[in-house]
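Taken in order, these protein sequences are the chains called U and Y.
Numbering follows our numbering, in which position 31 of the first sequence is assigned residue number 81; successive positions increment by one, without gaps.
Numbering follows our numbering, in which position 44 of the second sequence is assigned residue number 87; successive positions increment by one, without gaps.
If you are wondering where the hints come from, they were derived from the structure by calculation, not from laboratory data.
The structure displayed is predicted, hence computed values, not measured ones.
Keep in mind that a hint or two might mislead.
To give an idea of the chain Y side of the interface with chain U (calculated C-beta under 8 Å), a few residues [what the hints assert, rightly or not]:
no., residue
1, 91
2, 135
3, 142
4, 143
5, 145
6, 146
Which residues of chain U face chain Y? A few of them, derived with a C-beta cut under 7 Å, are [unchecked claim]:
no., residue
7, 92
8, 93
9, 95
10, 105
11, 106
12, 147
13, 148
14, 149
15, 154
16, 157
17, 159
18, 160
A few chain Y positions that, by computed beta-carbon distances, are all more than 12 Å from chain U [unchecked claim]:
no., residue
19, 60
20, 67
21, 96
22, 109
23, 111
24, 126
25, 154
Note that the Cβ used here is the ideal one computed from N, Cα and C, for glycine as well.
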Amino acid sequence: DSGVTQTPKHLITATGQRVTLRCSPRSGDLSVYWYQQSLDQGLQFLIQYYNGEERAKGNILERFSAQQFPDLHSELNLSSLELGDSALYFCASSVGGTGWGQETQYFGPGTRLLVL
Amino acid sequence: ELKVEQNPLFLSMQEGKNYTIYCNYSTTSDRLYWYRQDPGKSLESLFVLLSNGAVKQEGRLMASLDTKARLSTLHITAAVHDLSATYFCAVVLPGAGSYQLTFGKGTKLSVIP
Chain U
51 DSGVTQTPKH LITATGQRVT LRCSPRSGDL SVYWYQQSLD QGLQFLIQYY NGEERAKGNI
111 LERFSAQQFP DLHSELNLSS LELGDSALYF CASSVGGTGW GQETQYFGPG TRLLVL
Chain Y
44 ELKVEQNPLF LSMQEGKNYT IYCNYSTTSD RLYWYRQDPG KSLESLFVLL SNGAVKQEGR
104 LMASLDTKAR LSTLHITAAV HDLSATYFCA VVLPGAGSYQ LTFGKGTKLS VIP
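One chain only, chain Y, in its complex shape (with noise of 0.2 Å):
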């Protein structure tokens, strides 16, 4: 059964500090998913990462794969307000032919001015 763990599941920071949110997966996948929600909204996509190594960056938001590890995480830079919402990290079963996410817990940021 695949496992995802996110840490922390909370987290407040001060505006213009930096931090790093972890997503551990329990079974081999080369495809990990990282989503934000707003409170009573929906997902939005923010970072497909397909391979060992990968790097994204998106504003003050980026995110790594290390599939040896089986280690993803988001780094958060000089965070604003903006920032607040739950982000989770999701990763596909393997398996042929389906696409089925299995989501960590997320992960609930609130930046405090």
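So that you can see chain U by itself, here it is in the shape it has in the complex (with noise of 0.2 Å):
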């Protein structure tokens, strides 16, 4: 167990339709990171936020959309969903986000999206 826990494991919804993906990280963990996990495109870096500011952007939708409140849990929005969106998506946190010295991203046990 990594201490990231994500809400909910498994998600079933229709395309078109909007979800909302719920990650709480380490506790003293300020950075938080999404990552979508699918058959055909890997293991994709999305966004990252440090202590409530985004830090970084990777190939994230602009139907998708994250933030990262004041006690440090984030939630990635997901809208007008297409059966592609279909994918698993990790959350990991880590203590400051810069990767220096031994700082290790840790893996919540993310959310499998099936979108029908």
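Relying on the hints, combine the two individually framed chains into one complex.
And the structure:
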């Protein structure tokens, strides 16, 4: 158990709908990252937040948005869902957010999204 | 654009044998990570390699980094069934202030008794 929690574990929804994925980082970690894992694209970085502010953006679609709240939990919002958005969405957290030294990203259990 | 390539993508090996997984990356980076993923599960951090020539070992796994060749290897010694999993290497995209991991496609390892 990494200490990172994600809810829900599974989500089934229809095309065109909107969903929210939630992540709570490890105690003491200030950075939260979101990744998407799919069979065709592999593991892709979506976005990073550090202490409430966006730090880096990756291959995140405009239909997707995220935020980190004052209590450091994060939410990933996916809207106008398409079949191709079906994937495993991971949240990770780390202490500082720059990767210096032995800083490691710890991954949560993931949310499996199925869009029908 | 940073590209990370792993090979092989699939590896079937007998228990007791040795093998090496290779990870090549396209852009200068002095930080490389190895993760393990069991089917349907999350990613577990195995190694953090921070400098040229870095070598780390944990049990039957040993990872090394050659930043000049932009190459990391994950060596498996005397494989056992419990090592069956998918192994990912990941490299940090160079850039100030971010810690964005770019992953390889993963190597699916099956250890056969």
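With a cut-off of 7 Å on the beta carbons, see whether residue 95 of chain U makes it to chain Y.
Since the shortest Cβ distance to chain Y is 5 Å, the answer is holds.
Interface restraint verdict for residue 91 of chain Y against chain U (beta-carbon cut-off 8 Å):
Nearest chain U Cβ about 5 Å off; hint holds.
Chain U contact restraint for residue 135 of chain Y - C-beta distance below 8 Å:
Check passed: Cβ of residue 135 of chain Y comes within 5 Å of chain U, closer than 8 Å.
If you take the shortest Cβ to Cβ gap from residue 143 of chain Y to chain U, is it below 8 Å?
holds, 5 Å
Any Cβ of chain U at or closer than 12 Å to residue 154 of chain Y, or is the non-interface label fine?
holds, 23 Å
Any Cβ of chain U at or closer than 12 Å to residue 60 of chain Y, or is the non-interface label fine?
Holds, because the least Cβ-Cβ distance between residue 60 of chain Y and chain U comes to about 27 Å, which exceeds 12 Å.
Let me know if the C-beta of residue 142 of chain Y comes in closer than 8 Å to any C-beta of chain U, holds or violated.
holds, 4 Å
Would the stated hint for residue 92 of chain U survive a check requiring a Cβ distance to chain Y of less than 7 Å?
Holds: closest Cβ of chain Y sits about 5 Å from residue 92 of chain U, inside 7 Å.
Nearest-CB test (12 Å) between chain U and residue 126 of chain Y:
Holds, since 19 Å exceeds 12 Å.
Could you let me know if the closest chain U CB is still more than 12 Å away from the CB of residue 96 of chain Y?
Holds, because the least Cβ-Cβ distance between residue 96 of chain Y and chain U comes to about 17 Å, which exceeds 12 Å.
Is the interface hint satisfied for residue 159 of chain U? The criterion is a beta-carbon contact with chain Y at less than 7 Å.
Where the cut-off is 7 Å and the nearest Cβ of chain Y is about 5 Å from residue 159 of chain U, the hint holds.
Hint check: is the beta carbon of residue 145 of chain Y less than 8 Å from a beta carbon of chain U?
At about 7 Å, which falls below the 8 Å cut-off, the nearest Cβ of chain U leaves the hint on residue 145 of chain Y intact, so it holds.
Of the numbered hints given earlier, the model fails none.
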